[in-house]
Structure formats: structure tokens, C-alpha cells
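*Asks:* Read off the chains here:
There are 2 protein chains.
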Amino acid sequence: MLPDFTEMDTFRALLANAPGPDAQATSGATARNAQLTKPPGALGRLEDLAIWYGGWRGDARPQITSPQVIVFAGNHGITAQGVSAFPAEVTEQMVANFQHGGAAINQLAKAAGARMDVVALDLDRPTADFTKAPAMSENECLSALKTGWNAVDPAADVLVVGEMGIGNTTSAAAICTALYGGAAAYWTGRGTGVDDAGLAIKTRVVTEGVARQAAGARDGLDILARLGGREIAAMAGAIAAARQLRIPVILDGYICCAAAACLHRTDASALDHTIAGHQSAEGAHQALLQRLDKSPLLSLGLRLGEASGGALAINILKSAVACHSGMATFAEAGVAGA
Amino acid sequence: MLPDFTEMDTFRALLANAPGPDAQATSGATARNAQLTKPPGALGRLEDLAIWYGGWRGDARPQITSPQVIVFAGNHGITAQGVSAFPAEVTEQMVANFQHGGAAINQLAKAAGARMDVVALDLDRPTADFTKAPAMSENECLSALKTGWNAVDPAADVLVVGEMGIGNTTSAAAICTALYGGAAAYWTGRGTGVDDAGLAIKTRVVTEGVARQAAGARDGLDILARLGGREIAAMAGAIAAARQLRIPVILDGYICCAAAACLHRTDASALDHTIAGHQSAEGAHQALLQRLDKSPLLSLGLRLGEASGGALAINILKSAVACHSGMATFAEAGVAGA
Chain A
1 MLPDFTEMDT FRALLANAPG PDAQATSGAT ARNAQLTKPP GALGRLEDLA IWYGGWRGDA
61 RPQITSPQVI VFAGNHGITA QGVSAFPAEV TEQMVANFQH GGAAINQLAK AAGARMDVVA
121 LDLDRPTADF TKAPAMSENE CLSALKTGWN AVDPAADVLV VGEMGIGNTT SAAAICTALY
181 GGAAAYWTGR GTGVDDAGLA IKTRVVTEGV ARQAAGARDG LDILARLGGR EIAAMAGAIA
241 AARQLRIPVI LDGYICCAAA ACLHRTDASA LDHTIAGHQS AEGAHQALLQ RLDKSPLLSL
301 GLRLGEASGG ALAINILKSA VACHSGMATF AEAGVAGA
Chain B
1001 MLPDFTEMDT FRALLANAPG PDAQATSGAT ARNAQLTKPP GALGRLEDLA IWYGGWRGDA
1061 RPQITSPQVI VFAGNHGITA QGVSAFPAEV TEQMVANFQH GGAAINQLAK AAGARMDVVA
1121 LDLDRPTADF TKAPAMSENE CLSALKTGWN AVDPAADVLV VGEMGIGNTT SAAAICTALY
1181 GGAAAYWTGR GTGVDDAGLA IKTRVVTEGV ARQAAGARDG LDILARLGGR EIAAMAGAIA
1241 AARQLRIPVI LDGYICCAAA ACLHRTDASA LDHTIAGHQS AEGAHQALLQ RLDKSPLLSL
1301 GLRLGEASGG ALAINILKSA VACHSGMATF AEAGVAGA
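Protein chains in written order, with my numbering: chain A, 1 to 338; chain B, 1001 to 1338.
Check the hints yourself; a few may be wrong.
As the list claims (entries may be wrong) - Taking lysine-lysine and the DSS-like style, the derived pairs with C-alpha atoms no more than 30 Å apart in a straight line are: (1) B:K1294 / A:K294; (2) A:K110 / B:K1132; (3) B:K1110 / B:K1294; (4) A:K132 / A:K146; (5) B:K1110 / B:K1146; (6) B:K1146 / B:K1294; (7) A:K110 / A:K294; (8) B:K1132 / B:K1146; (9) B:K1132 / A:K294; (10) A:K146 / A:K294; (11) A:K110 / A:K132; (12) B:K1110 / A:K110.
The hints are simulated quantities; they were obtained by calculation from the structure and are not laboratory data.
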């Protein structure tokens, strides 16, 4: 069901020829929505969500029973420059915390009734410091994309991807600066909480990295390899695989959306099967969501990563679909219309 | 455990002497939050919610297992003036829909793991048309307050109250105009979807009702009786009872908040155990939330009532509490600090 790929250009072709929503299911869901026992439009965005979801699932009266949350972890060579408030070994320590059920995302996935998978990518092989060399070779990036691609459960009916990787807000800022231009300072935030000196280092690292790596990049996938990280590439691979499987995706915060932005720059329709779960407090996430033309479901000041904001939004989507598919119509309930 | 009252002044005294949060639980929850495996503040508002909830429950590491949703229904004499897009008999038809599980709130309560109760208040006795006489006598209002008061399950650990009552956005607008002043048009919205002519009627009815009823009102409870409805008074009674039982409340939309505002005007601390579940698309809800000093958890364009927006927010509060009480500390997980 899920096609395979062995070269980056094959992945590009899969992106370009990905399936779209089912028009018949979309119109069926739209018609059903108009008959439900509520004033027209009274469920607001929940109505749009349910119709969108039904279209992608090819089902005018869908159910959500099997959400999947995947947390990808990777290490970053740029941490040697002092871009994070936490030491690099925290990546591996947090992976253990995920595996033992102690992190925020464990609680949030459980509260959403979601299966949770943790995928650590070569933690003993950090990416290169992108101020000196490309973060990943094309083959390393391809390998990470495939890891994400193959991590998606074909039986899932909604997917949230997230990440853990000390240093990766710097990588995300570099990706955004390369993709969208503007000053590095605009795209660079405090991540896990660096002080002013740390923020100055991050901004310099982003500036230098983009100056060295961005020239000559053909598309978002080139940017992903040169400035990204293994966990960022894996998120991009998982988002793309979900599209092939017609599994709607809820995007998480800044780093997840930077991964998504690499797909979006490569193919403008590559994120049509995604919605923004939340607006992170990480500085430039709002600006990035605007570039992706996504309106967040939640805005609660989260800035944790780990798929946390996306997972928190699963219950919103579930509730929307539950209303759509579970409510009685005016005729069924014997309720008079307007 | 829940005190009884037989006079309005006894109810006033209960409001004035209601219990507050537990300072020891609040400080215990605050200390625990600081040790959890995440950067400080990275869960944003979820952290504040969990600490607030723990304080009210008197438990530094609380659980949410038993949410309760109550939908109160009442009929309004002002419907005779043509203030709604729907006929008045829809109130009773929707009560049947609630009882049969076909309404939006049934799906939302289920998605939140909440018990749902439906309480219809004298549907065959609409309130008086408040452009001609007080909507309720003090005794009628007291009776409705008591119905709400007694509907709260003492074993619940979070409460959402909502309403069904054709005509009740007009009543809510009249309450807000009387409590906060300003033009009736400022507080009057389209409710279930009236056209421009209907909106003009609503605005005139609110103007006339406030002109006739507001003078000489001593407090919010007087306003509630003169311009409210039985379901609105019942919501106020349930919110006040939850305070006695230290059950945190998630407020729903415009009409629920108008009920809450009557308590707030009567005693400024009467809503300290409540949070705003969402910002409704009903015109003046945002302004009303500002008057109540509440910041909504969700803003998804809902304008349905029925407790729908409050119920949708239950899973946010549950998720916040699940993170707080379920996460490992840095020491437990062996994760290095910043």
C-alpha cells in the first residue's frame, strides 16, 4: 500500500503525485452537516474539521479510533556551539523518559487515546555543525526520511509527529531563514529557554549556517538535508507517508512545522492533509504558520515540542468527528427547522 | 455537605462566605510543577490550569475521573415577540434530542468521558415577557436556583453547565446590558441566526426590557430574576453549588457566562473556581469574558450553547492535570537540568 523509494528524486515524485481528498465523501459530509440538529454553522470550526477529515478518509460519516503519535529523536552537531540551555545528552535521557512513560507526551497521548511510538535516529552520530558543513549528506537525509516514512502505522486514522533533539530549534530557525528569507533574528527564538547570550549565539549560528548552506539549494528537501536534523527529516517522511495512506496529520510546533515547510516548499500541496494543532510560544511559529496558510486549533502558550501541542489537539478533532457522525438529523430527531 | 437555603438572602450569604482554594495544595502543586521533566513554563497555560485545579481540589497531585455536564432547559415569554429564528417548541424537542443522545452535547460529553444530565425547568410555564413584567418573581428565581444547586453531583470533579432555551440569547443580552450598561445593540447578537429584521426586534426587546426592569435592582440576583430565565438561574445555582463542593467549573458560552455574571456582580469572588472554556462567536461573548476577567481556553467559532464549548474544553483540563500528576520529575527520570 505504501510505495517504497530509494532515491530523493523518487521521493520528490511521490510528493508531486500524492493522492487528494475524496470529492464524493467531502460533498456527502457537507450535506450531512447541513441536516444535523443545530443552527447552521453553530459548531464553527468543528464543522469544517469534520468535513475535511471525512474527505481525506473517503468517508462521509467517519470515525476516529486509532490515533498515532510518533516522537522522533536526533542529535545536532551545532550543540557544540552552545545553542541550548540543556546539555546534548538530554536527548538520549528524554528518549528513555518517553520509553518509561514519564514525559508530557506520554500523558497527552494517553489522554487522546493514541498509540505512541518513539524512534531514536542515530543518537551517537550527531549531524554535522552546519556552520562548517552540510548537516546531512543527501543519503543521510534520505535514510532519515525513510525512517519516518516507515514509522507510520497504515492502520492509524490520525497522525501527530513530534521531536526531541537538543539544539533543534536552532536547526528549525535555520530552515525557516533559508526558506523564507529575512533576518535570522526574526526566525530564532529561545527554545528551551536560553538567556540573551545564548540567543545571540543561536542567531549567529543560524546566520552563518544559512550563509554557508542555502545557496544553490534546489528545493525544500535540499534545505532539509543541509540545515535540518535526522528527527526533522523523519517528521517530514512521516507526514509524506501519511498523505500516501490518506491519514490526516495534526502538526505540532515550530520544529515540526519547519519539517513540514520543507515539504511545502518542494510541493505546494504537500500539506493539504494537515492541520495546525496549536500555535507555539516559540517565537516564530506564528509567522511560520502564516507561511503555511494554517490556522492553529489551540493557542495555550506551549513550547515543549515532543508532539505535545499536536497531541493535545487530537481530542478536538475527535470531538468534531464525533459530533458530525453521532448527531441526529432534524428529521431523525423530530426537531423543527429555522 | 451541600448546605440548603430557602431564601434569596441565605443564598447571598452562601455566596459571600464560599470556600476558597487550599493554599497548601496550591503551593505543593507549584513545587511539583517546577520539578517535572520539561523546560520551565514549556507547557504554558496547562501548568497554570493544573496548579489552579489542584488548589481547588485540595490535592497537589490531583486526578480528573468524573466530569459532569448538566444542560438546563427553559422557555421564554419574549419568544412571542419574534426574537428567535426557531419556534419556541424547539426547546422541548431538543430536550428529547438530548435525552435520546442525538445532540452535539451528547457526543461532546461522551468524548470528554463526562456524565451528562438534562434538567428541563417548567417548559410549559415560560417566563414572563420582560418588556411587560419581571421575567420571574423572586420565588420563581429562587426555585430555579435551587434546581440547579441540587443538580450538581457531589462526586463530580469538574462541572460544565449549559442551556437550551429558544429566546435565551435575548435574555442574556438583557442581563449584560443591565449589568454593564452601554447600548443594547452592543450586547445583542444573532443567536441561532436571526436576520437583520430579527436582530432589530431583539435589540428593541432588550432595550425595552432593561428600561423597564433594571432600575432599583440591588445586585446580580435581582437582575437574574427580572431579565433571566429558569435555565439561566439554574446554571447560576449549579455554579454556586460547585463552589461549595470545591468542584472547578468550566464556563460555556454567552448565556452561561450571563448567568455567571449575575453571581459575579453579587459577589466579586464568586467565579474564582471557574475558567472560561471557550470564546463563543455570539457577538458580545468576548466583551463579557473581559468583564469577568476570564481568558478562554478555546476559540473555534462555536455558538451553539448546550454546554458544547465548555464540554469541548474538559479534555484540555484533563490533559493538563494528567501531565501534572503523571509526569516524572528530573530526579525520577535521571534527566539533566538546564
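*Asks:* Next step is simple, just say for each hint if it's right about the structure.
*Replies:* Each hint tested on the structure:
1. B:K1294 / A:K294: holds, 26 Å
2. A:K110 / B:K1132: violated, 54 Å
3. B:K1110 / B:K1294: OK: K1110 of chain B and K1294 of chain B at ~26 Å, within 30 Å.
4. A:K132 / A:K146: Since the Cα atoms of K132 of chain A and K146 of chain A sit roughly 26 Å apart, the hinted pair holds (cutoff 30 Å).
5. B:K1110 / B:K1146: With Cα atoms ~27 Å apart, K1110 of chain B and K1146 of chain B stay inside 30 Å; holds.
6. B:K1146 / B:K1294: Satisfied, since the Cα-Cα distance of roughly 26 Å is no more than 30 Å.
7. A:K110 / A:K294: Judged against 30 Å, a Cα distance of about 26 Å means the pair holds.
8. B:K1132 / B:K1146: The hint holds at about 26 Å.
9. B:K1132 / A:K294: violated, 50 Å
10. A:K146 / A:K294: holds, 26 Å
11. A:K110 / A:K132: violated, 41 Å
12. B:K1110 / A:K110: Roughly 16 Å separates the two Cα atoms, so the pair holds.
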